[in-house]
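The task is simple: from the sequences and hints, build the whole structure.
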Amino acid sequence: MATIIDKGIFHPVGAERVRITYTDTLSDFLYEKLVGDGGATITTSVLNPGGNEQLEISAT
Amino acid sequence: MTAIDKGLFTPVGIIPKVRVTSNDTTADYLNNKVVEGSRIGKNILNASVNEQLQIVIAEVGGVWVSCNRADGNISVLSPNLYLSPTGHSTGAPMANIGEAQLLLPRDITLTSMYVYSATAPTAGQTLTCQFNIDGTPTTSLQVVLTTGVTLLGATGELSVLQDQLLCLQFTFGGGMTSANIKFVSTAYRVMIES
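Protein chains in written order, with numbering that gives the first Met the number 0: chain A, 0 to 59; chain B, 0 to 193.
Read the hints as simulated data drawn from the structure, not as lab findings.
Hints may be right or wrong, so weigh each one.
DMTMM-like, lysine to aspartate or glutamate: derived pairs with alpha carbons at most 25 Å apart [as the list claims (entries may be wrong)]:
no., chain 1, residue 1, chain 2, residue 2
1, A, K32, B, E35
2, B, K16, A, D23
3, B, K16, B, D27
4, A, K32, B, D27
5, B, K41, A, E31
6, B, K16, A, E31
7, A, K32, A, E55
8, B, K16, A, E55
9, B, K41, B, D27
10, B, K181, A, D36
11, B, K16, A, D27
12, A, K32, B, E50
13, B, K41, B, E58
14, B, K41, A, E55
15, B, K16, B, E35
16, B, K41, A, D23
17, B, K16, B, E50
18, B, K41, B, D106
19, B, K41, B, D162
20, B, K181, A, E31
The model shown is predicted, which means the values in this text are computed figures rather than measured ones.
As structure tokens, then:
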């Protein structure tokens, strides 16, 4: 049974964000936390923006 | 920073799902949120325990094998022929399976196969080219030349694991006893841990 959180009715502070390690000082959304290599080799992009988003990782 | 941020407790009802951006309408588990794009693969490590999501880069390559007999002909003494990595010189069959097999140094995924035979099967005859893994021919990625067909390709996904034995196998059907195979090519993908 989906909770009200699953239904997106409210978002507690800190939920649905991620930290890289225990010592990470800032929880944030996945797109901000999982990054490419800064060049053209590994890139990230958001699929279905504004909907059920997914983070696509690609390598060239 | 809240107590939740600090990981001090997980409130009841808060399922550890993630959102991609602040505009994401559906929180979900990390594996469902990360999508494999071009040349990227992912694996779940330690399934059902302390799971980790491994991201790997796929290297792609191909192999092209030509038959180098002067007359270009392959005659057969048995129904199955095995293509050796070093090719064959004279005589038939092309190789016995023990001579042809490669011991794979790592996991690979075979993704295509193309076969060209200058000799087309005649009515009712077939020439089947398959990957043979550990002595067993596979059907998930194969080419079957039929009447009048000399060039044919197939694509698919055939996983072969490290330490398995791999070779190409030709099988004649319908009474076919010889062929003039000119080349076989195949493409593969290898996942490299990043």
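Hint check results:
Proposed proximity of A/K32 and B/E35 is supported: the alpha carbons are some 17 Å apart, at most 25 Å. Among the hinted pairs, B/K16 with A/D23 is consistent with the structure: their alpha-carbon atoms are about 18 Å apart, no more than 25 Å. Of the pairs offered as hints, the one joining B/K16 and B/D27 holds, with about 5 Å between alpha carbons and a cut-off of 25 Å not exceeded. A distance of roughly 16 Å separates the Cα atoms of A/K32 and B/D27; the hinted pair therefore holds under the 25 Å criterion.
Between B/K41 and A/E31 the CA atoms are separated by roughly 19 Å; this keeps the pair inside 25 Å, and the hint holds. At roughly 15 Å between alpha-carbon atoms, B/K16 and A/E31 fall within 25 Å of each other, so this suggested pair holds. As the CA atoms of A/K32 and A/E55 are separated by approximately 13 Å, the hinted pair is consistent with the 25 Å bound. Straight-line distance between C-alpha atoms of B/K16 and A/E55 comes to about 17 Å, which keeps the hinted pair within the 25 Å bound.
For a cut-off of 25 Å, the pair hint linking B/K41 to B/D27 stands: about 17 Å separates their Cα positions. For the hint linking B/K181 to A/D36, the alpha-carbon distance of about 43 Å lies beyond 25 Å, and the restraint is violated. Of the pairs offered as hints, the one joining B/K16 and A/D27 holds, with about 12 Å between alpha carbons and a cut-off of 25 Å not exceeded. This hinted pair checks out: A/K32 and B/E50 have alpha carbons roughly 18 Å apart, not beyond 25 Å.
The straight-line distance between the Cα atoms of B/K41 and B/E58 is roughly 14 Å, inside the 25 Å bound, and the hint therefore holds. Between B/K41 and A/E55, the direct Cα distance comes to roughly 11 Å. Compliance with the 25 Å bound is thereby established for this hinted pair. Proposed proximity of B/K16 and B/E35 is supported: the alpha carbons are some 19 Å apart, at most 25 Å. The straight-line distance between the Cα atoms of B/K41 and A/D23 is roughly 24 Å, inside the 25 Å bound, and the hint therefore holds.
For the proposed pair B/K16 and B/E50, the alpha carbon gap of about 14 Å is at most 25 Å, so the pair holds. Among the hinted pairs, B/K41 with B/D106 is consistent with the structure: their alpha-carbon atoms are about 14 Å apart, no more than 25 Å. Between B/K41 and B/D162, the direct Cα distance comes to roughly 22 Å. Compliance with the 25 Å bound is thereby established for this hinted pair. Taking the CA atoms of B/K181 and A/E31, the gap is near 53 Å; set against the 25 Å cutoff, the hint is violated.
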